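Asker: What follows is each chain in one-letter form.
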Amino acid sequence: MSARSADQEVSHAIARMKAGILAFIFAMLGGGGLFVMTAWLLIKGGPQVGKTLNLLGHFFIGYSVSWPGAFVGLLYGAVTGAIIGWCIGIVYNRIVGVPSAS
Amino acid sequence: MSTEVKNAVVIGAGPAGLTAAYELAKNGIRSTILEADQLVGGISRTVNYKGYRFDIGGHRFFSKVPLINEVWDDIIDEDMLLRPRLSRILYRNHFFDYPLQAKNALTGLGLFEACMIGLSFARTKVFPSRQERNFEEWVSNRFGYRLYNIFFKTYTEKVWGIPCTEISADWAAQRIKNLSLVEAVRNALLGGGGKTKDGKIITTLIDEFKYPRLGPGMMWECCQSNLESQGNHTKMGRRVERIRHSHGKVECVYARDENGELEEFSGDQFFSTMPLRELVNMMDPAPPDEVIKAANSLAYRDYLTVVLMIKRAEIFPDNWIYIHSPEVKMGRIQNYKNWSPEMVPDYSRTSLGLEYFLWDVDDEWTWSDDRLIDLGLKETVTLKLIEENEVEDGTVVRMKKAYPIYDQHYQSHLDVIRRYLDTIPNLQTIGRNGQHRYNNQDHSMLTGIYAARNVMGAKYNIWAVNVEKEYHEETVSDEKATGDRMIPRRLVPDDDAESVASDAVIRAAFAKLDPFALGSAMGLVFAISLFLATTALILKGGEVVGPHLSLLGHYLIGYKVSWSGAFLGLIEAGIGGFLLGYVGAGLRNWTMSSYTNLLKRRADLDESKDLLDKV
Ligand SMILES: Cc1cc2nc3c(=O)[nH]c(=O)nc-3n(C[C@H](O)[C@H](O)[C@H](O)COP(=O)(O)OP(=O)(O)OC[C@H]3O[C@@H](n4cnc5c(N)ncnc54)[C@H](O)[C@@H]3O)c2cc1C
Numbered sequence: 001m002s003a004r005s006a007d008q009e010v011s012h013a014i015a016r017m018k019a020g021i022l023a024f025i026f027a028m029l030g031g032g033g034l035f036v037m038t039a040w041l042l043i044k045g046g047p048q049v050g051k052t053l054n055l056l057g058h059f060f061i062g063y064s065v066s067w068p069g070a071f072v073g074l075l076y077g078a079v080t081g082a083i084i085g086w087c088i089g090i091v092y093n094r095i096v097g098v099p100s101a102s
Numbered sequence: 001m002s003t004e005v006k007n008a009v010v011i012g013a014g015p016a017g018l019t020a021a022y023e024l025a026k027n028g029i030r031s032t033i034l035e036a037d038q039l040v041g042g043i044s045r046t047v048n049y050k051g052y053r054f055d056i057g058g059h060r061f062f063s064k065v066p067l068i069n070e071v072w073d074d075i076i077d078e079d080m081l082l083r084p085r086l087s088r089i090l091y092r093n094h095f096f097d098y099p100l101q102a103k104n105a106l107t108g109l110g111l112f113e114a115c116m117i118g119l120s121f122a123r124t125k126v127f128p129s130r131q132e133r134n135f136e137e138w139v140s141n142r143f144g145y146r147l148y149n150i151f152f153k154t155y156t157e158k159v160w161g162i163p164c165t166e167i168s169a170d171w172a173a174q175r176i177k178n179l180s181l182v183e184a185v186r187n188a189l190l191g192g193g194g195k196t197k198d199g200k201i202i203t204t205l206i207d208e209f210k211y212p213r214l215g216p217g218m219m220w221e222c223c224q225s226n227l228e229s230q231g232n233h234t235k236m237g238r239r240v241e242r243i244r245h246s247h248g249k250v251e252c253v254y255a256r257d258e259n260g261e262l263e264e265f266s267g268d269q270f271f272s273t274m275p276l277r278e279l280v281n282m283m284d285p286a287p288p289d290e291v292i293k294a295a296n297s298l299a300y301r302d303y304l305t306v307v308l309m310i311k312r313a314e315i316f317p318d319n320w321i322y323i324h325s326p327e328v329k330m331g332r333i334q335n336y337k338n339w340s341p342e343m344v345p346d347y348s349r350t351s352l353g354l355e356y357f358l359w360d361v362d363d364e365w366t367w368s369d370d371r372l373i374d375l376g377l378k379e380t381v382t383l384k385l386i387e388e389n390e391v392e393d394g395t396v397v398r399m400k401k402a403y404p405i406y407d408q409h410y411q412s413h414l415d416v417i418r419r420y421l422d423t424i425p426n427l428q429t430i431g432r433n434g435q436h437r438y439n440n441q442d443h444s445m446l447t448g449i450y451a452a453r454n455v456m457g458a459k460y461n462i463w464a465v466n467v468e469k470e471y472h473e474e475t476v477s478d479e480k481a482t483g484d485r486m487i488p489r490r491l492v493p494d495d496d497a498e499s500v501a502s503d504a505v506i507r508a509a510f511a512k513l514d515p516f517a518l519g520s521a522m523g524l525v526f527a528i529s530l531f532l533a534t535t536a537l538i539l540k541g542g543e544v545v546g547p548h549l550s551l552l553g554h555y556l557i558g559y560k561v562s563w564s565g566a567f568l569g570l571i572e573a574g575i576g577g578f579l580l581g582y583v584g585a586g587l588r589n590w591t592m593s594s595y596t597n598l599l600k601r602r603a604d605l606d607e608s609k610d611l612l613d614k615v
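Going down the list, the sequences are from chains A and B.
According to our numbering, the first sequence holds residues 1 to 102 in order.
According to our numbering, the second sequence holds residues 1 to 615 in order.
Chain B extracted, bound-state conformation (with noise of 0.2 Å):
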């Protein structure tokens, strides 16, 4: 790509967006921001409403990214806190730790389901399911059918709306960190697992996280005034229709204000946040008929939440509870003042955000703000969490297109409309629903970082990042920066070079022995050995030759020192040193693979404690 930009359009004001502008900004180029509403911050806004703050859901700051930690510091520092995470599971009016412990579990479950959960647990060990095709399966293998059923079936099933039978198991698979067996080793030997070298344990995001002083929407005002001083406008109320484009570039986006008026916006570079499934509707000529079944066969979970009022100062001291009560339809509730002190204006007071997570066509979209607070206010009641006559006042806030769902095809249709936006360059496509992807706000800040380096000549691969895990080091594509700048390459840290060497002597250690070959080895030392102790007793001759050595003829048969039985012993002790060899390696492949799988299925374990956190 050109890295003669003059000037850039982004749209959409979410953390993807204004993070693009920023790195823009950064670099000397210009952008313009247009975002459909009066807000920035997309998903992760922060609503005012009477002083009470409030997220969309409650957005943690955590990434294992240090480039996004930076902006993020560079953006808000003081304004940025380090909160404690303290967040349950309500089920049958008990609250249950969350990651599950067995002694509150115990409490709460009472003694005979308790042992129903270990029987459930103990047949799942013995009788697995043989194939691990849906989230069910996928879950109960891991945790036993009841555990699952109590703590995992219902709060998925609110999420996602479908039965957890027809969620596909690399779904669940896909949230977890997947450790190679080599990691498991290491972590296990070298205590790698949550543990710095001096022993202390690293807080992970199930113990705190970062949260901006007024909610994630502090974080985008700041970064939207922050470009505002240097110039790049944000255009608020301003919705793109429509992408004029042609000869494999665009030239302008037509967006719509409040007022209905279309105004038309040129740039030599422009950057989408917009969800896909728009995007390609909104091409202009229109794509292919393929690209656009494509785009209309990705699909959205949409989401809405209903604060409401409580004249209490303390309800519960999580930041969130899971419900997970069949009863009720509300999947979570954030409560806002355990996020941040001052998400509330009067200490005294404070607001819960009762989440629901519907697909648009649902009834409940559509029932009125009014009817919805009811709704929440008699739950919330139902859960035990307040009395009715505590609720001061209510409101509402909806979010289309909150999630982009994981369906068998949204791969394919996703493959196809990246085909075809790979055929215009100037228009990237970055953040969560830019991307179809279920990233957070550091993944959807990092593709539009990517996305402005790539203006200015880079060769990053966004649609690599969130992909797996480590995606912060291995997005950049192979093939050599063209334009003026060098990309620096990062120096591998000391610890990476310290973990691939453990690694290397880890793999060398655990690697198989090949029994054959061990077996050959051993038996041709063996035959030669005894050939040559037979034939120089002969040699040597005497009256009584060899007595002591032809005692081997009881292990031997007919074994004995002397011409015949020298060649008789060397196939005998051939034999035999190979199926000692032969053993011997088999039994040592199979220790090592039996230890190493029981510490693959451990670190498993481990990693999937912060399943619900994932869903």
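Isolated chain A, as found in the complex (with noise of 0.2 Å):
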């Protein structure tokens, strides 16, 4: 392939998603970052410990500060992250008309 036409084929190029890689990086933000979240609240105790982040319960059921809440939202977290992210790949595949690869 000459350089020039290869240099078009990556300018050119659009990427396409890996929704299975996305929804498990997303997975691992949301579930990773909610447990650091609740343990970090946990260790830094206090009167009333992670009174914002208990709202979560409205939507989490089973969720609370507390370190077997910090679990249940790691779980919450990285389910929520990978359908989250697994949505945006495959809708971003579609627009750019490419099946999406799990």
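Note that these hints are calculated values from the structure, not bench results.
The structure displayed is predicted, hence computed values, not measured ones.
Any given hint could turn out to be false.
Said to hold, decoys possible - Taking lysine-lysine pairs in the DSSO-like style, the calculated list, with each CA pair at most 27 Å apart, reads:
1) B:Lys400 / B:Lys6
2) B:Lys540 / A:Lys51
3) B:Lys512 / A:Lys18
As the list claims (entries may be wrong) - Here are the computed distance ranges between Cβ atoms for each label pair:
4) A:Gly20 / B:Ser129: 47 to 53 Å
5) B:Gly586 / A:Val49: 37 to 43 Å
6) B:Ala536 / A:Gly20: 46 to 52 Å
7) B:Ser129 / A:Lys18: 39 to 45 Å
8) A:Lys18 / B:Pro66: 36 to 42 Å
9) B:Leu579 / A:Lys18: 22 to 28 Å
What the hints assert, rightly or not - Computed footprint of chain A on chain B; a stretch qualifies when at least three of its residues, placed anywhere within it, have a C-beta under 8 Å from a C-beta of chain A:
10) 512-525
11) 530-541
For glycine and all other residues, C-beta sits at the position ideal for the given N, C-alpha and C.
With the hints as a guide, bring both chains together as one complex.
Answerer: Structure representation (structure tokens):
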């Protein structure tokens, strides 16, 4: 392939997202993030631990700012993150016109 | 082409012709080689003058094609030397390292000139020539006008005899390996540029080269005697004058010997390395007028070398030096004993080859040898390299048509000639002037090998050699071989497979994100997420519904946790998500493309550093 056509191939190539990988990354960020935030509040301690974060319990049944809650949050965060990441990947790929590869 | 070839006729005993005969001989096909001169090797010959040996210029042996290296090893294995390279630029009585080195250039030019060069370089970077139409604009855009003026202009104009503003920029661009973005990124990230896997620097033509002990002619003399021993005769002093053909087939050629006798040589297959312009004019019957006109439009640059024998053991340590000083006409000086110590009969002596690039209509071309030797002597003294009384002897060698000229129209003329030659399949034109291409020995040889294989049924496109850099893997045409033999296909070497894989990864990693698609995807997901979160809270109910989620109203105008708020949030989160995705993708694309362009610019500069060698 000539240099020019290779350059064009790079500059015109449109990235395709691996929905599975994106779901995995978002799951890690979501689950890990919520776990770390919960744990951080617990370690910090104080009179009313994680008053605001506790409100997530409205959406994630069983979640609270407590050690068991941190693990429940890890699961919820991961699942929600995975769904969001996967949806973004799927929708993106649909729009750029390539089938998604999970 | 038929596989029943009995006898081939090769015109010219230069590298292309002899290699074609060599390949034919390996496959049991006899050939007769007709050479106009009394020496073999063509432009790659070695002349022997009273024991002083010298080439036409200096011929480095270097090839990226394994097949060519094998042939060289086959012909003269032990007599091949590996020589270190040193060649500097002589300008204003100062030697400059080549490729240019900042510190050495600074010392040679002085602080003021160095600052001016720096400023001119900076100016070009800020205000480059919009169009790169000619060589001057092309080089100035890369190195700055001032550096170009000192280190490129004079030498290039000496070699080609035309102002740099009249040399097409394409010509310069062709000489530089144009790395693709992917290659530039791969070299920068994976260290492919000039290093092996264990980190050793790969030596290039810039650092060292192979050279036969007794000069390049030794290779071709050995090749000729090898052929001779197998019954393939080289007939010296036979200038082909006429090529008789009929019904799309060459039947025979007529060559005149030194006594003026015309001799006929017939064969089944013909290979010609003579200049295309001459070949076309020798065809009998003559080709159509437009073909003759095209051939007569091909131009050549001629060359002569004045060789001085000097009573001194050491003059300079370089193999050759580039002469940039405008006050002398010579373009380069070769110091042959630095190519191989055996190029001089007595090591206390030195022979210098002063190279002049001329047109055959220039006055100097017709000067007597004595007058040229005198010119060379005076110029070498002017350059302060020797004293007049040190010169013992001198000689001159002229080489017509040393350089095929790439002018604006040469390609279209070539197309016309090729279309005509295609109608005569048993005549293949090979080599440098045989293809009117700026071929080195290896390219010329490769065309010879491929042409020989073609007569045995292969389907090589010999015109593809030296078109792309990686000609060695890509010259087999798509058609299948029609002969009895299968043409072995090379396995892709592991290194290639590795780089193909890494290129795929690089392409995927550097591919652009579609901002609209990412914006839409994020907009949709954000919108639906907020809508679902709001409805969940509404459905759950309670005294005060979703007081905390309602705080999003600070950012999303009018949003609250209510049914109307849910729909408003849907729209606003959608827009917000879209903008985030769109801008994010744009920023990421911009960063990636700026980075790749930076790597590419660096790689291009790196590739241009041996530009002078390619002039
Ligand atoms: C100054 C200079 C420096 C070079 N440096 C290098 C280098 O460092 N490394 C490198 O690899 N290459 C170098 N080259 C290129 C190299 O010389 C050529 O690529 C090579 O010699 C071409 O081989 P060829 O067989 O195609 O043609 P030629 O070498 O031109 O040989 C053609 C032969 O055909 C003969 N002939 C022509 N017409 C007729 C006729 N009508 N009848 C019979 N015989 C005829 C000629 O006498 C000649 O012997 C250099 C070239 C020049 C000019």
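Asker: All the hints need checking, so say for each whether the structure fits it.
Answerer: Hints versus structure:
no.	hint	result
1	B:Lys400 / B:Lys6	violated, 34 Å
2	B:Lys540 / A:Lys51	holds, 19 Å
3	B:Lys512 / A:Lys18	holds, 14 Å
4	A:Gly20 / B:Ser129: 47 to 53 Å	holds, 49 Å
5	B:Gly586 / A:Val49: 37 to 43 Å	holds, 41 Å
6	B:Ala536 / A:Gly20: 46 to 52 Å	violated, 27 Å
7	B:Ser129 / A:Lys18: 39 to 45 Å	holds, 44 Å
8	A:Lys18 / B:Pro66: 36 to 42 Å	holds, 39 Å
9	B:Leu579 / A:Lys18: 22 to 28 Å	holds, 24 Å
10	512-525	holds (count 11)
11	530-541	holds (count 4)
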